[in-house]
Every structure is written in structure tokens, then in C-alpha cells.
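For the record, the sequence lines run as chains X and W. Residues 1 to 596 (my numbering) are what the first sequence spells out, left to right. Residues 1 to 90 (my numbering) are what the second sequence spells out, left to right.
If you are wondering where the hints come from, they were derived from the structure by calculation, not from laboratory data. Backbone N, C-alpha and C fix where the C-beta goes; we use that ideal spot for every residue, glycine too. There's no promise every hint is true.
[As the list claims (entries may be wrong)] Some chain X residues flagged as far from chain W (calculated, every beta-carbon gap over 10 Å):
{"no.": "1", "residue": "E137"}
{"no.": "2", "residue": "D213"}
{"no.": "3", "residue": "I303"}
{"no.": "4", "residue": "S341"}
{"no.": "5", "residue": "A348"}
{"no.": "6", "residue": "D355"}
{"no.": "7", "residue": "I370"}
{"no.": "8", "residue": "E374"}
[What the hints assert, rightly or not] Here are the simulated EDC-like pairs of lysine to aspartate or glutamate, each with C-alpha atoms no more than 20 Å apart in a straight line:
{"no.": "9", "chain 1": "X", "residue 1": "K333", "chain 2": "W", "residue 2": "D51"}
{"no.": "10", "chain 1": "X", "residue 1": "K392", "chain 2": "X", "residue 2": "E374"}
{"no.": "11", "chain 1": "X", "residue 1": "K170", "chain 2": "X", "residue 2": "E153"}
{"no.": "12", "chain 1": "W", "residue 1": "K14", "chain 2": "X", "residue 2": "E449"}
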Amino acid sequence: MIVAKDIERTLVNLGYQVSSTVSSGKQAIKKAKTDKPDLILMDIVLRGEMNGIEAAEQIHTRLNIPVVYLTAYADKKTLQRAKITEPYGYILKPFSERELHSTIEIALHKCQMEKKIKHLSDVLRTIRNVNQLITKEKNRDKLLKGICRKLTETRGYSSTWIAVIDESGKPSAYAETGVGRNFSHLIESFKQGNPPKCWEKTLSKPGVVVIEDTSKICAECPLARKKSGNRILSARLESNNKVHGLIIVSIVYDSPIDKDELSLFREVADDVGLALHTIKIKEERKQALKELGESETRLRNVIEKNADGIIVVDNNGFVQFTNPAAEKLFQRKKERITGESFGFPVVAGKTTEIDIIRKDKKKVVAEMHIVDIEWKGKAAHLASLRDITKRKQTEKALQQSLEKSQRILQETVSALAIALEKRDPYTAGHSLRVAQLTFEIAKQLGFSEKQIRGVHMAASIHDIGKIYVPAEILSKPNKLTEGEFMLIKSHCQVGYDILKNIEFPWPIAEIVLQHHERINGSGYPQGLKDGDILLEAKILCVADVVEAMCSHRPYRPAPGIDKALEEILQNKGVLYNPDVVDVCFYLFKEKGFTFK
Amino acid sequence: MHRLKLYIAGSTLKSENIIKNLKQLLEEEFNDQYSLEIIDLIESPELAEQDKILATPTLLKIEPLPAKRIIGDFSNKKMVLFGLDLVNNK
């Protein structure tokens, strides 16, 4: 004890603080626990059962406090036993003050260095752990949580907090360890736009923000424990000139934050920033792919569910795609259409009618519409096929009913013509013969089939108005009085009146009305001139004159065809249309036309 | 010599027109240096299956090679010759 007191005095003189001086191994361990001294000077021979070496061993393994032996023993065996406890020095009694001083200084320095090395290895391990996690974990939230845990576990931060912000600067994801129940409160204040000042500062500039004394400025912050040595480090997480969020840690540190700690934190922040950037890009790409897939599905649905058959044909005419409606149309499974040769679609107009040959050999009429498209990077043709079989059938039925009604009309008109002929036996057959000649002239003039039918019908009933004229006048053998002639002349107007309300597909009533007009305006009933007379009426006029001159009348014999042709030639371009006259002349002279 | 096959479905006014127009086109283009076989699939339905004809009117160019198949409206001469790959083969 006397030696111990001497040593204590010497140590105080040298400027050290002595927290305790004890005489047994048990007490030494107890004091080491409570005092946490920087160094312990230990004698090997102690009071009680435990010797100094045993006590040092426990202090070393449990508390990691450096021990320097101070003893008179120096035999080989004792030294060997002491060595196992990894002492920082060994001083043999008796010793000088200088010897004690230098041994203590060396021990303290060695201890400092070891702590630094351990610290550095912790730092490196932390970085490695974080990087391992970044390469392994692709889920952002799991990654952030993992990083928080690793930092707290490996580096010994008392709490770690990571926030991810979106484009507008609002927090979008969080992770923490060690913050505890105040975490939600923190997030709420962040969301409300009232983050702690240090966060705003962190987000506003690159680099690490250090708060060495949290007791003053972080009074309200749950991250800052009111414990001595608590410090806060924060840095924004950035990559490619974009700020993705921030990381904040609190650490208990007994001296100002050293540069290793700062560079560790900086590196972790950079790594997390890059990881967030990578994940974001991957998510954006995934989203883009998903959207692309969705729009493709939508388009596919439009095609799949289209009521029209759709096939895509390549430039060689081979089918590349078949939709369900086309399967139905062709009555074949798409596997039996796709890959087959449909033929290169050649079209002239907007749509083309084709006949689809079904498996059952029945044909379906389809309207084909072609659009040039690109299919799998090559030029192709999309043929949309609409089944128009029913439409065709309806059209055909309609056509048939139209034809039928026209036939009935024709028959009705013929009946009228016959009725007229019966009434006036002297001109019997006149109308039919005029119709015959009219038909041929119209044909020669290049009239359409429909126009020919119209002018023929008009000719066959051109004198229908004579029903109004008493039969005695029509068959009167002598010259007619002016009154009688007036009555006969009225047959054009009467015929018009009879026919005007019947819906013909041709201007039958007008033709009948005008068949006594002459191109110089000398005709009746309206005295129309060339341009106002229908061509059909001009034909009918010539045919009427020619036939009449070839027939007997009660009041005269037939002048004959030569006289008739002479008459029309003489008045060609005066009374009669020159083209009609030429054609009529040609028919009789060249084509050998005769009345039946 | 150009060898062609035309597939039609039934002798209708429509198919008669197609044949008439096609013959005129071939006449103009190749004089008498062509043969056109006309196959009515209503008369010989088994040929539809055998020659794998999905629809009519289909025109097949057998010679000169390569064989070509076109379908649709053959009234546009340019389009027909293009489809048959005969544009530079005049």
C-alpha cells in the first residue's frame, strides 16, 4: 500500500488523474467497470484469491481497458502468463519516475492507435456491408431499411434515418433504425413542410453537415439524445445532379468527428445516392415497359374483338396474323390461315369485293379494305374483311323487286297501248312500229340500256292521249275541220296529263308531250325550239313521221318509205334533229330496217 | 411465255367482267405470249383445297418464276403487274 500511495502521488505529479487505488483483484474489476479508466496499473501479487494476472485477463476480455503490469516478479513463467493477457507494458520494481512516465505514455499511445485501427476497420467494414447490400437488394424500401440496420449494427450509430424525396421535394419513402416512436412525428412534420433546420440545410448543398453539440440547437429533435458526446451527421443523397433524399445519423463520439468518420459517412451517402438513382431508373423503365405492354394489350384487344375479319399479309402474300372474326369468316382455325398464301392484295378503289371460299365450299362475299402497315419491322398489308353476303342478298332482292315492279309497269303500259290500238283499227300497230324504230335509233345513237327502255316505253304509248279524241274523228275519211284538228292536237297534252302522275324511272310524260314539237319551233303544243326539246322526243318525232308516211290512212294512201325518207332529209336540221335523221336514213338504207 | 391461272367462284357477271378485263390486260401487255387457265371453284371445289385458295378472284403467275399470287381487283394494270412482279419484265 505504501508503494501504491507513492505511485499515486508520482502519477498526479506527472499530470495524470487517478480514479481509484484498490488492493484486491475483485475490487479492481469492479472499479474498472464503474470508472472506465484510460489505463490500469496492475501488480501481480494482490490481496485475496485472485492475482493480478487473472484480474487483468478479465478486465482485458470484458472491458477492453489497457493494463500495464507493475511488479517485482520477473521470472520466465510469470512473464509467459502475463503475456497471454496482452498487456500494454511491464514495469519491474523498483522503477524510476521517468521509466513509469514513458511506459504509461507508450501504453496510452498504443491504445489510441489500436482504437483508431479498430475504428478504421469498422469504417471499412461498414462501407463493404453497405455496398454488398446495394448490389444484392433491388427493392428500394428493403434496401433503405437494410442500410439503416447495417449502419447501426456495424458502425454503431445510435440512430439512422433515410428519407427519399420526389420531384417536388416532398418525402416519398423512409427508413430508420433507432429513432423509435418519435419517427412518425418526424415524418409528419416533414410532410407538413416543417422539417428541422438541419434537414433543409442538408438538402440545400452537397457535403456533410455536422452538428457537434445537439443539446443546444436540437432540443426538440428526437434524433438528438440529450447525452454528452451525441453528434449528428447528415448529407443529401445525390447522383447525376439530382437530389434523391437525405441520410441523417446520430452518433455518440467522445471527441470532435474525425475525418475518417466524415469520409465514411460521405461515401455511404454517395453510394446510397447512386443506388437510389439506379433503382429509380430501373423503376421508370419497368413502368414504361408496363405502359407499353398495356397499350399493346389495348390495341390487340381492338383488333381481336373487331367485328370485321382482320388478317395481316406480308409482301409475298403470306398471312402473318389472323383475328377471331377472320377465323369465323374463313371457317378455319387461325393456325390454318396464318402462314398460308392469301395473295398479294391488289386493289383499285377504296374497297374490293372478294369471294371467300369456305371449308364447306360455300362462298361468302366480303368487302376487302387494305391498309399498308409495318409488321415486325417489315412492310405488310392489313386486310379488313367485312362479310357482305347478307347485304348482297338484300341488294339482289331489292333489284328483283324493282325489276318486277318495272315489268308490271311495262305490262300496264302495253295494256294501255293495246287498248288504244283496239279503239282505232286504222292506225292499228302504229305505236308498236314507232316504238320499234325508236328503239333502233336510240341504240344507234349509243343510248344506255336503261335509256333505250325508257324511250321505247314512251314510244309505245306516245298516242295515249288520243283516247280523249272521239273514235269517229280519228277514223274520219275526209279532211278534218279546224275544230276537229284542234281536238286531235290536244292528244299530246292529254297524254301528258294521263302519265304525269305515274312514277316512271324516265321522263315518259315529257317525251309524250313533246313528240309533235319541231326544232324550229313550228310544232305543238308548246312550240318549243331545239334546245328545249328532249332528245328522246326528237327521236320519237322522226320515227312517228316515218311510220305514219309508210301507213295507209282513211283519208289517204301510204306515201311509202322513200317519200318518208325524202321528207325527213328535206327537213333535216329544220324540223328534225340532223343526227336522228342520219341514223334513221342509215337504218333503212344501210342496215335494211323494215317495220314488222 | 407467261403462264397464269385465274381462280373464280361461279360464272357471274362479275367474274365474266374480271375475265374480260384480265384478257384485255394480258393481250395489251404480252400480245399472245401468255396462257390463262381459268378455274371455277364452284365447278371444281376440290381445287380450292388442293391449290390452297382462300378467296377469289385470285390470279397465279406460274411462269416466269418466281410464282406470284395476287388477290383483289385486277382493273388497275399497273397494280396487277406490280403484284405479279412483272414490272421490269416487259
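Now the hints, each set against the structure:
1. E137: Label holds. Min Cβ-Cβ 56 Å, cutoff 10 Å.
2. D213: holds (87 Å)
3. I303: holds (19 Å)
4. S341: Not fine: 5 Å to the nearest Cβ puts S341/X too close to chain W.
5. A348: Non-interface label fails for A348/X: nearest chain W Cβ at 4 Å, not farther than 10 Å.
6. D355: Given that some Cβ of chain W is not farther than 10 Å from that of D355/X, nearest at about 4 Å, it is violated.
7. I370: violated (8 Å)
8. E374: The claim holds: E374/X sits with its nearest Cβ about 19 Å from chain W, beyond 10 Å.
9. K333/X to D51/W: It holds: about 18 Å lies between the C-alpha atoms, which stays within 20 Å.
10. K392/X to E374/X: Not OK: K392/X and E374/X at ~33 Å, beyond 20 Å, violated.
11. K170/X to E153/X: Not OK: K170/X and E153/X at ~29 Å, beyond 20 Å, violated.
12. K14/W to E449/X: holds (18 Å)
When the structure is compared with the earlier hints, violations turn up for hints 4, 5, 6, 7, 10 and 11 and for no others.
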